[in-house]
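All chains, please: the whole structure from these sequences, using the hints.
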Amino acid sequence: MGRFEYFEHLADMGIIGRGASLAQAFEEAAKAMFNLMVDIDQVEPKERIPIHCQGGDREELFVEWLNALLTEADINGMVFSRFSVESLTGEELSGWVKGEGLDPERHHAKTEVKAATYSGLAVGEKGGEFYARCVVDL
Amino acid sequence: MELKKLKAKGKYEWVIPRQGEMRVPGKIFANQGLVEEMDEKVYEQISNVACLPGIQKFSLAMPDAHWGYGFPIGGVAAFDPAQGGVVSVGGVGFDVNCGVRTLHTGLELEEVKPRLKELVDTLFNIVPAGLGSRGKISLSSSQVEGVLTKGSQWVVELGYGEKEDLEFTEENGMVPGGDPGAVSQKALQRERRQVGTLGSGNHYLEVQWVEEIYEPSTAAKFGFKENMVVITIHCGSRALGHQVGTDYLRTLAEASRKYGIPIRERELVCAPIDSPEGRRYFSAVNCAINYAFANRQVITHLVREGLGKVFPQAEAKLLYDVGHNTCKVETHRIDGQERQVYVHRKGATRAFGPQRKELPRPYQGVGQPVIVGGTMGTSSYILVGTESGEEKAFASVCHGAGRRMSRKRAMRTWRGERLLDELKSQGIYIRGHSMSGLAEEAPLAYKDVSEVVEAIHNGGLARKVVKLKPIGCVKG
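First to last, the protein sequences are chains A and B.
In terms of the working numbering, the first sequence is residues 1 to 138.
In terms of the working numbering, the second sequence is residues 1 to 476.
Among the hints, a few may not be true.
[Unchecked claim] Straight-line distance between alpha carbons at most 30 Å, and here's what the computed DSSO-like set of lysine-lysine pairs gives:
{"#": "1", "chain 1": "B", "residue 1": "Lys469", "chain 2": "B", "residue 2": "Lys225"}
{"#": "2", "chain 1": "B", "residue 1": "Lys467", "chain 2": "B", "residue 2": "Lys9"}
{"#": "3", "chain 1": "B", "residue 1": "Lys11", "chain 2": "A", "residue 2": "Lys31"}
{"#": "4", "chain 1": "A", "residue 1": "Lys98", "chain 2": "B", "residue 2": "Lys408"}
{"#": "5", "chain 1": "B", "residue 1": "Lys186", "chain 2": "B", "residue 2": "Lys258"}
{"#": "6", "chain 1": "B", "residue 1": "Lys57", "chain 2": "B", "residue 2": "Lys136"}
{"#": "7", "chain 1": "B", "residue 1": "Lys136", "chain 2": "A", "residue 2": "Lys46"}
{"#": "8", "chain 1": "B", "residue 1": "Lys357", "chain 2": "B", "residue 2": "Lys113"}
{"#": "9", "chain 1": "B", "residue 1": "Lys113", "chain 2": "B", "residue 2": "Lys317"}
{"#": "10", "chain 1": "B", "residue 1": "Lys357", "chain 2": "B", "residue 2": "Lys221"}
{"#": "11", "chain 1": "B", "residue 1": "Lys328", "chain 2": "B", "residue 2": "Lys317"}
{"#": "12", "chain 1": "B", "residue 1": "Lys357", "chain 2": "B", "residue 2": "Lys225"}
{"#": "13", "chain 1": "B", "residue 1": "Lys11", "chain 2": "B", "residue 2": "Lys41"}
{"#": "14", "chain 1": "A", "residue 1": "Lys31", "chain 2": "B", "residue 2": "Lys408"}
{"#": "15", "chain 1": "B", "residue 1": "Lys408", "chain 2": "A", "residue 2": "Lys126"}
{"#": "16", "chain 1": "B", "residue 1": "Lys317", "chain 2": "B", "residue 2": "Lys117"}
{"#": "17", "chain 1": "B", "residue 1": "Lys136", "chain 2": "A", "residue 2": "Lys98"}
{"#": "18", "chain 1": "B", "residue 1": "Lys186", "chain 2": "A", "residue 2": "Lys46"}
{"#": "19", "chain 1": "A", "residue 1": "Lys31", "chain 2": "B", "residue 2": "Lys186"}
{"#": "20", "chain 1": "A", "residue 1": "Lys126", "chain 2": "B", "residue 2": "Lys11"}
{"#": "21", "chain 1": "B", "residue 1": "Lys57", "chain 2": "B", "residue 2": "Lys317"}
{"#": "22", "chain 1": "B", "residue 1": "Lys357", "chain 2": "B", "residue 2": "Lys317"}
{"#": "23", "chain 1": "B", "residue 1": "Lys186", "chain 2": "A", "residue 2": "Lys98"}
[To be verified] Partial list, derived from the structure: chain A residues whose beta carbon lies under 8 Å from chain B:
{"#": "24", "residue": "Met13"}
{"#": "25", "residue": "Ile16"}
{"#": "26", "residue": "Ser21"}
{"#": "27", "residue": "Asp137"}
[What the hints assert, rightly or not] Covered stretches of chain B (chain A as the covering partner; in silico rule of three or more C-beta atoms under 8 Å from a C-beta of chain A):
{"#": "28", "stretch": "58 to 70"}
{"#": "29", "stretch": "187 to 200"}
{"#": "30", "stretch": "241 to 253"}
{"#": "31", "stretch": "287 to 300"}
{"#": "32", "stretch": "404 to 412"}
{"#": "33", "stretch": "430 to 436"}
Keep in mind that the hints were calculated from the coordinates and are not lab data.
Keep in mind the model is a prediction, meaning the values are calculated, not measured.
For each residue, glycine too, the CB sits at the ideal point set by N, CA and C.
Now the structure itself:
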């Protein structure tokens, strides 16, 4: 089972996704990020949006994935609660997200995330569990 | 930070001697306590910036410095294109030209107090803020282009504000060299109805009064009188700027590899100023700088509307608008010569001395007003730029108090609701869009702004002019 958590950063916030695969770690990190913006439990997966992105290595790809989600959310005025990474090679990712139009009250709007960054960035495996982490700029 | 790694130069300057691949020494402006409190990461980041090609004189950190992205927040560095100098996303940040502007209202504290709640509520309702906020202004694509190339000048032409506002905005509210072609379609799509919105996090609109005047003659030139009420706006370039940062993070990561620039921290990815990638990034930054100027200009217009509803006699006049996440082409005296350099200020404010021709006419011979924002419970300061600050720090000072406690810890320590009550008992009325957001911004999560400003003043980077106290605040 995957899970997400946070780590301390003085000015902003660190997010970590963990899972049985790299894809799951990426998905969990996305949950961590959106849970900073809203209460993701309140977001219904009504609409599906495909995501494709590329990066020079898997660390860059992880940041690209998170930033692609922020961009889609903002352009569509949406927030997401379901995340799926369907295929993940060293330099390319395809997947989808589900969510609905932002309702600040029902979703308990919290803070905006400006960007996922290269700070505190690490992607890897430890003791059979995959992790993906970075600091997000608030 | 361990003091033994630094060389003290007087009480307010700490030098990181050149070592290893550092091209210049590092320097921190702060008192001993603030240096001791600083993260070791700040030391590392100052040293990393000092290794970048074309850096001039020193890699600097202000007294409010803390761990940032490649550059420390509160980091300043100047690069010469003729010496292979670079532009870096880390030196500008994701919220390009995030900055502050202060408006005089002409009102006295005693006049405002009885109607404070009404004023703050009106501003809260009139200025869109918070997660995903959209404004009423929908720009056509040619209008967006106008904003990106002409900034405040464009929105003033559209009727948001007065011509006079431009004179009192850094760069007259418009930097040249913004090519909208360098801004991605995604960034343009994200712009949709965000001009005139405050955003969230540490962005705010604050009603303040002049509690103390340190330098009466300068204060008078800046239009301050004791007990007068001002309104300060803090915000940036919204999603458009964030997307510019995000887009070019990857472009510059590739460019760093292409040009063989050794990168000691990923976030320091950069490109030579004189390269296609560097020129394109700088052009996109200029567009985002203009967008942020326009954003604060439209918010100024909305604030005037709100102020006028509650106090029809008020006349909101702009003191100054200055950014603190920027890269600017400026002339500085280096090794006895006037040279054009690209000054990165990441969480640092420009502070030109009295002789600079870029200053608005009324401030020539006086110096540039510098706005240093505090927190919703403490004070803000207006300083004035000096010649010695130009010499010591490429005319740069701090931008705020700087965090001392992480958001995570702040949220564990305070509850938004209780914080509101506490501040209310101190006579400060707050309206926020998010309770958890308020807790993160608790005053005690920040360094003591007075101590930070004292270090700037005593270190000779700028002089204190007035101290402002908050009485009302709208948080994004």
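A quick look at each hint next to the structure:
With a C-alpha separation of about 14 Å, the suggested pairing of B:Lys469 with B:Lys225 holds against the 30 Å cut-off. Simply put, B:Lys467 and B:Lys9 have alpha-carbon atoms about 28 Å apart, close enough for the 30 Å limit, and the pair holds. At most 30 Å may separate the alpha-carbon atoms for a hinted pair to count; B:Lys11 and A:Lys31 exceed this at roughly 47 Å. Proposed proximity of A:Lys98 and B:Lys408 is supported: the alpha carbons are some 27 Å apart, at most 30 Å.
Restraint check for B:Lys186 and B:Lys258: satisfied, since their Cα atoms lie roughly 25 Å apart, inside the 30 Å limit. A C-alpha spacing of about 46 Å is found between B:Lys57 and B:Lys136, which places the hinted pair above 30 Å, so the restraint is violated. About 27 Å separates the Cα atoms of B:Lys136 and A:Lys46, which keeps this hinted pair within 30 Å; it holds. In summary, the hint linking B:Lys357 to B:Lys113 is not supported, as the alpha carbons are separated by about 39 Å, beyond the 30 Å threshold.
With a CA separation close to 20 Å, the supplied pair B:Lys113 and B:Lys317 stays within the 30 Å bound. The hinted pair formed by B:Lys357 and B:Lys221 meets the criterion: a straight-line CA distance of about 17 Å does not exceed 30 Å. The straight-line distance between the Cα atoms of B:Lys328 and B:Lys317 is roughly 26 Å, inside the 30 Å bound, and the hint therefore holds. Between B:Lys357 and B:Lys225 the CA atoms are separated by roughly 27 Å; this keeps the pair inside 30 Å, and the hint holds.
For the hint linking B:Lys11 to B:Lys41, the alpha-carbon distance of about 22 Å falls within 30 Å, and the restraint holds. Only pairs whose Cα atoms come within 30 Å are accepted, and A:Lys31 paired with B:Lys408 is accepted, the gap being roughly 17 Å. Under the criterion of a C-alpha separation no larger than 30 Å, the hint pairing B:Lys408 with A:Lys126 is consistent with the structure, at around 25 Å. Taken as a hint, the B:Lys317 and B:Lys117 pair is honoured in the structure, with Cα atoms around 22 Å apart against an allowance of 30 Å.
For the given pair, B:Lys136 sits about 28 Å from A:Lys98 by alpha-carbon distance, which is consistent with the 30 Å threshold. Restraint check for B:Lys186 and A:Lys46: the C-alpha separation of about 23 Å stays at or below 30 Å, so the hint holds. About 22 Å separates the Cα atoms of A:Lys31 and B:Lys186, which keeps this hinted pair within 30 Å; it holds. At most 30 Å may separate the alpha-carbon atoms for a hinted pair to count; A:Lys126 and B:Lys11 exceed this at roughly 47 Å.
Between the alpha carbons of B:Lys57 and B:Lys317 the distance comes to roughly 38 Å, so the proposed pair goes past 30 Å and is violated. Distance check on the hinted pair: B:Lys357 and B:Lys317 sit about 22 Å apart at the alpha-carbon level, within 30 Å; holds. A threshold of 30 Å between alpha carbons decides the hint, and for B:Lys186 with A:Lys98 the separation of about 20 Å falls inside it, so the pair holds. At a threshold of 8 Å, the smallest CB-CB gap from A:Met13 to chain B is about 6 Å, leaving the interface hint in force.
Among the interface hints, the one on A:Ile16 is violated; its C-beta lies about 12 Å from the nearest C-beta in chain B, farther than the 8 Å criterion. For A:Ser21, the suggested interface contact is broken, since its CB lies about 24 Å from the closest CB of chain B, more than 8 Å. A least Cβ separation of about 5 Å between A:Asp137 and chain B falls short of the 8 Å threshold, and the interface hint therefore holds. With a threshold of 8 Å between beta carbons, the proposed coverage of the stretch 58 to 70 of chain B by chain A holds, since 5 of its residues qualify and at least three are required.
Counting residues of the stretch 187 to 200 of chain B whose beta carbon lies closer than 8 Å to any beta carbon of chain A gives 5, which meets the minimum of three for the stated coverage. Using a Cβ-Cβ cut-off of 8 Å, 7 residues of the stretch 241 to 253 of chain B lie near chain A, which meets the minimum of three, so the contact claim holds. Against chain A, the stretch 287 to 300 of chain B contributes 0 residues with a C-beta closer than 8 Å to a partner C-beta. That does not satisfy the three-residue criterion, and the hint is violated. Coverage of the stretch 404 to 412 of chain B by chain A holds in this model, with 6 residues showing a Cβ closer than 8 Å to a Cβ of that chain against a need of three.
With 3 residues bearing a CB less than 8 Å from a CB of chain A, the stretch 430 to 436 of chain B meets the requirement of three and the coverage assertion stands.
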